[in-house]
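A.B. asks: Residue strings, one per chain:
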Amino acid sequence: MLLRFFLMGLDRKAGIVLAILAILAVAVPVMTLWVPADSPFHLSVFTVSLLGKYLCFALLALALDLVWGYCGILSLGHAAFFAIGGYAMGMYLMRQIGPRGVYGNPVLPDFMVFLNWKELPWYWLGFDHFWFAAIMVLVVPGALAFAFGWFAFRSRVTGVYLSIITQALTFALLLAFFRNDMGFGGNNGLTDFKDILGYDIQADTTRVALFVATVAALALSYMIASGVIASKLGKVLVALRDAESRVRFMGYDTESYKLFAWTLSACMAGVAGALYVPQVGIINPSEFAPASSIEAVIWVAVGGRGTLAGAILGAVLVNMGKSYFTGALPELWLFALGGLFVAVTLFLPKGLLGLGAQLKAKLPGRKTASLPNTQTANQATGQTAGQKGA
Amino acid sequence: MRRALRWLMAVCVVVATSTAAYAADLRPLVQALGSGGYSGTEKALAQLSEAGDPAAVPVIEALQAGDLYVRKADGAVVVARKAGDAFTLTDPLTRAALGEAPSTAVEKIRVNNSLRRAISASLGALTLMSPDAGVRRSAADAVFKSRDASALETLNAAIAKEQDKGVRAAMEQARAAILLTGEAASKMTDADIQSATDTLTARGDRDALVLLNMVAGSGASDVTKKLAAAAVSTLEQKLAFWAALQNLWYGLSLGSVLLLAAIGLAVTFGVMGVINMAHGEMVMIGAYTTFLVQEFFRAHAPGLFDLSILVALPAAFLVSGGVGIVIERSVIRWLYGRPLETLLATWGLSLALQQAVRSIFGPTNREVGAPSWMSGAFELGGLTITYGRLWIVVFAFAVFAALLVALKRTWFGLSIRAVTQNRPMANAMGIRTARVDALTFGLGSGIAGLAGVALSQIDNVSPNLGQGYILDSFMVVVFGGVGNLWGTLVGALTLGTMNKFLEPYAGAVLGKILVLIFIILFIQRRPRGLFALKGRAVEA
Numbered sequence: 001m002l003l004r005f006f007l008m009g010l011d012r013k014a015g016i017v018l019a020i021l022a023i024l025a026v027a028v029p030v031m032t033l034w035v036p037a038d039s040p041f042h043l044s045v046f047t048v049s050l051l052g053k054y055l056c057f058a059l060l061a062l063a064l065d066l067v068w069g070y071c072g073i074l075s076l077g078h079a080a081f082f083a084i085g086g087y088a089m090g091m092y093l094m095r096q097i098g099p100r101g102v103y104g105n106p107v108l109p110d111f112m113v114f115l116n117w118k119e120l121p122w123y124w125l126g127f128d129h130f131w132f133a134a135i136m137v138l139v140v141p142g143a144l145a146f147a148f149g150w151f152a153f154r155s156r157v158t159g160v161y162l163s164i165i166t167q168a169l170t171f172a173l174l175l176a177f178f179r180n181d182m183g184f185g186g187n188n189g190l191t192d193f194k195d196i197l198g199y200d201i202q203a204d205t206t207r208v209a210l211f212v213a214t215v216a217a218l219a220l221s222y223m224i225a226s227g228v229i230a231s232k233l234g235k236v237l238v239a240l241r242d243a244e245s246r247v248r249f250m251g252y253d254t255e256s257y258k259l260f261a262w263t264l265s266a267c268m269a270g271v272a273g274a275l276y277v278p279q280v281g282i283i284n285p286s287e288f289a290p291a292s293s294i295e296a297v298i299w300v301a302v303g304g305r306g307t308l309a310g311a312i313l314g315a316v317l318v319n320m321g322k323s324y325f326t327g328a329l330p331e332l333w334l335f336a337l338g339g340l341f342v343a344v345t346l347f348l349p350k351g352l353l354g355l356g357a358q359l360k361a362k363l364p365g366r367k368t369a370s371l372p373n374t375q376t377a378n379q380a381t382g383q384t385a386g387q388k389g390a
Numbered sequence: 001m002r003r004a005l006r007w008l009m010a011v012c013v014v015v016a017t018s019t020a021a022y023a024a025d026l027r028p029l030v031q032a033l034g035s036g037g038y039s040g041t042e043k044a045l046a047q048l049s050e051a052g053d054p055a056a057v058p059v060i061e062a063l064q065a066g067d068l069y070v071r072k073a074d075g076a077v078v079v080a081r082k083a084g085d086a087f088t089l090t091d092p093l094t095r096a097a098l099g100e101a102p103s104t105a106v107e108k109i110r111v112n113n114s115l116r117r118a119i120s121a122s123l124g125a126l127t128l129m130s131p132d133a134g135v136r137r138s139a140a141d142a143v144f145k146s147r148d149a150s151a152l153e154t155l156n157a158a159i160a161k162e163q164d165k166g167v168r169a170a171m172e173q174a175r176a177a178i179l180l181t182g183e184a185a186s187k188m189t190d191a192d193i194q195s196a197t198d199t200l201t202a203r204g205d206r207d208a209l210v211l212l213n214m215v216a217g218s219g220a221s222d223v224t225k226k227l228a229a230a231a232v233s234t235l236e237q238k239l240a241f242w243a244a245l246q247n248l249w250y251g252l253s254l255g256s257v258l259l260l261a262a263i264g265l266a267v268t269f270g271v272m273g274v275i276n277m278a279h280g281e282m283v284m285i286g287a288y289t290t291f292l293v294q295e296f297f298r299a300h301a302p303g304l305f306d307l308s309i310l311v312a313l314p315a316a317f318l319v320s321g322g323v324g325i326v327i328e329r330s331v332i333r334w335l336y337g338r339p340l341e342t343l344l345a346t347w348g349l350s351l352a353l354q355q356a357v358r359s360i361f362g363p364t365n366r367e368v369g370a371p372s373w374m375s376g377a378f379e380l381g382g383l384t385i386t387y388g389r390l391w392i393v394v395f396a397f398a399v400f401a402a403l404l405v406a407l408k409r410t411w412f413g414l415s416i417r418a419v420t421q422n423r424p425m426a427n428a429m430g431i432r433t434a435r436v437d438a439l440t441f442g443l444g445s446g447i448a449g450l451a452g453v454a455l456s457q458i459d460n461v462s463p464n465l466g467q468g469y470i471l472d473s474f475m476v477v478v479f480g481g482v483g484n485l486w487g488t489l490v491g492a493l494t495l496g497t498m499n500k501f502l503e504p505y506a507g508a509v510l511g512k513i514l515v516l517i518f519i520i521l522f523i524q525r526r527p528r529g530l531f532a533l534k535g536r537a538v539e540a
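So the sequences go chain by chain: A and B. So in the numbering used here, spot 42 of the first sequence is number 42, and the numbers just go up one at a time. So in the numbering used here, spot 314 of the second sequence is number 314, and the numbers just go up one at a time.
In short, the hints are calculated from the structure, not lab data. Hints are not guaranteed to be accurate.
Using C-beta positions, here's what the derived DEER-type ranges look like [said to hold, decoys possible]:
id	chain 1	residue 1	chain 2	residue 2	range
1	A	Ser155	B	Lys225	56 to 64 Å
2	A	Leu125	B	Asp198	57 to 65 Å
3	A	Arg248	B	Leu248	51 to 59 Å
4	B	Asn460	A	Phe5	33 to 41 Å
Dumping the calculated SDA-like pairs for lysine to any residue here, alpha-carbon to alpha-carbon at most 20 Å [stated by the list, open to error]:
id	chain 1	residue 1	chain 2	residue 2
5	B	Lys512	A	Ser286
6	A	Lys322	A	Phe46
7	A	Lys194	A	Lys322
8	A	Lys232	A	Ala217
9	B	Lys145	B	Thr189
10	B	Lys512	A	Arg179
11	B	Lys512	A	Phe46
12	B	Lys512	A	Lys322
Yeah, the Cβ is synthetic: ideal placement off N, Cα and C, and Gly gets one too.
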């Protein structure tokens, strides 16, 4: 049955994405570890970590696209789930340092020794074990999303209001994690990691293994997401994205559908954060910044909202652009990002992947084929009507 | 630097001439300080204090600091300070330079403990008798803090002579403090103790409370203890009352800042339904306009600097409003009816605007000065109110009232309301809706610019100024209810006051988190805010 679920989502596009990911999973380790360093095909470990970072962001974008592209919930707080997953992994990595910290305390991490704490807070218990941390990576963001969504969807908070309170959520968490007495390292966050699962976190093989794990997580999440979308549940999700009241009047319990997609998405974001932390080597409260959640939205918008492949493409492209600009032309990066926001919303409502369909529709003598994203089409007509009125 | 030096010299000259008048009478007394050993010095000191001339204060201070010497050659009393191996000598009264002398040529006037006590008493007495009311007052406060029993006599004499009401009150408080804590307390009648505790209760601040607490817990007589304890509880109630009022004032002050930041958003978001994430940058542009206007005044008319804020107000309104109209015409008008896309596009604009300002003005804070009528503070009962905050509160309410009148009583306001309520119908009635859209957005942005002028007085003027306010502004508008100006007013004041009342218990950060959680939960209860527009429409 599980197999059927996964097969259901396997269309041509999914095939291409999975094939690319499979090639990456094989080629990158080979090119890093076995191709000699002077060969033009050699990849440095730095590049591998960078690619791994991009793919973590791609997973976050995928999670966001699931709720925004298919459910119509514009979350401006998804980076919060990402960061919570990251903190759960960071706590495990902190416990692995053991007595090798600067203060050499066998039980407490350095920042707690520094703050004169006497014993480990209860919520740090269990994070010595990888399996426990791995469960927490899924459970904590999932539970937070479930609680938040349960309240918000049942009281029918929608649209802009929902977006704004998700901003409030991530801002509240930002302030909370900045506090030293929360026990998460204050504004320095968690860093100075040594080992993961007994392997040195700085070693080349570990870095490559983390990259492969990220590719695998992305592929699995992609298959889950496309399976969900292709299922009947996915059809209901798209329907309530386009006309929520109508779906409700037809007898569907829309809140539960939304809540399911929302919680699943938060879990995926948590996994993305957990894979991100060992690869960049630090997690601190700035990940909760409201701006980083909004930035994640633009990745999805650039690639194409409502297309899972688009979310991945957008995240990778925008972050590659960011790496280039912040290195070469730091003055211009915010202009470029700002311009991207404006240009995409004005000229590319369906993103890069929708560009083909958009151009085809413009060609004379061709009827618009069934567009994948009906809401934008609806809104576009609604808007022209509005403009006519104006 | 050179100006400062010149100023310093001028002060020296004034001091020198004013002391010259007294110098003649004091000279023999000062001279006497140097002879006769400890007892001789003490006698001369007593005579100096009796003379009651404040010109003697620096001499006694020099004696206290151990800088007073006798020149062996002629026996003159001089102030000597060590410079390298030698001493530089100055005249103790006129402060005229007397050249240098090797350390063997001068002899220090030594002081012992009893002399030290006499020195501080006579210093206190001399300053309590000073002709300057400010000096007398700070002397009285110093005695209140030191509770030095030796100053009691001088204090009584000073109280008898004192004309200034405020200074006399301060002196009486100082006397009460000495009486209650010193040995005299055991000999006092109950009525005297009563009046002393009453005096301290009337002082009504934290110092008085600490003192009374000390008396209540000390080994004083039972009557004293009882009276002090009673005074403590009265005083604590009084202080709690004023603290609550002070919190209320802080809340009102924060609320008015929130109101200023949110009120422009109430127009663009509340009335037009446009999610303008670049709203904070309009505030920032207003603040930078203020900076530019002030620079202009500094360069061309420094005498009129106090008026610069008044000129900055219309300038900021026009600049921010103009930027707003350009944004509306170029980007937002293509996105009406698509709120989430508007949100993203305006966020992009906000990033670009921030970077533009950073590129032009640099990333560091710019200094915006306060005009003289906005600096300083005054006391109202137990409240300390700064003029800057007071003006911001007044300004916030003035802007609110003006906007309300503009929307309800003008032709332009009527068109705005018509277009938001029924666009096609308004169009059919001959209202140019596109123009009204642009002007409404300009109005909202212009008001944000006005907020920027006010915020430049209390916040750092940097490219990130707006970022700090955008989320708070949205919270206020959403909490108050979209499309309702009164909701924005109530929302801003409620959130501001709540924040300030939580702060003492939870701390600033936790207080803010609690307010955010409160808003998130509140939105669940009332998804359309405090004052929701009633209607039958179903969305989508």
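A.B. asks: Taking the hints in turn, state whether each one holds.
C.D. replies: Verification of the hints:
1. A hinted range of 56 to 64 Å for the beta carbons of serine 155 of chain A and lysine 225 of chain B is consistent with their spacing of about 59 Å.
2. The beta-carbon spacing between leucine 125 of chain A and aspartate 198 of chain B, approximately 59 Å, falls within the hinted interval of 57 to 65 Å.
3. Checked against the hint of 51 to 59 Å, the pair arginine 248 of chain A and leucine 248 of chain B fails, with Cβ atoms roughly 45 Å apart.
4. Restraint check, asparagine 460 of chain B to phenylalanine 5 of chain A: a C-beta distance of roughly 55 Å breaks the suggested window 33 to 41 Å.
5. Of the pairs offered as hints, the one joining lysine 512 of chain B and serine 286 of chain A holds, with about 17 Å between alpha carbons and a cut-off of 20 Å not exceeded.
6. Taking the CA atoms of lysine 322 of chain A and phenylalanine 46 of chain A, the gap is about 16 Å. The hint holds against a cut of 20 Å.
7. Proximity of lysine 194 of chain A to lysine 322 of chain A is assessed by CA-CA distance (about 28 Å); at most 20 Å being required, the pair is judged violated.
8. Simply put, lysine 232 of chain A and alanine 217 of chain A have alpha-carbon atoms about 24 Å apart, too far for the 20 Å limit, and the pair is violated.
9. For a cut-off of 20 Å, the pair hint linking lysine 145 of chain B to threonine 189 of chain B is broken: about 24 Å separates their Cα positions.
10. Simply put, lysine 512 of chain B and arginine 179 of chain A have alpha-carbon atoms about 12 Å apart, close enough for the 20 Å limit, and the pair holds.
11. Taking the CA atoms of lysine 512 of chain B and phenylalanine 46 of chain A, the gap is about 40 Å. The hint is violated against a cut of 20 Å.
12. Between lysine 512 of chain B and lysine 322 of chain A the CA atoms are separated by roughly 32 Å; this puts the pair beyond 20 Å, and the hint is violated.
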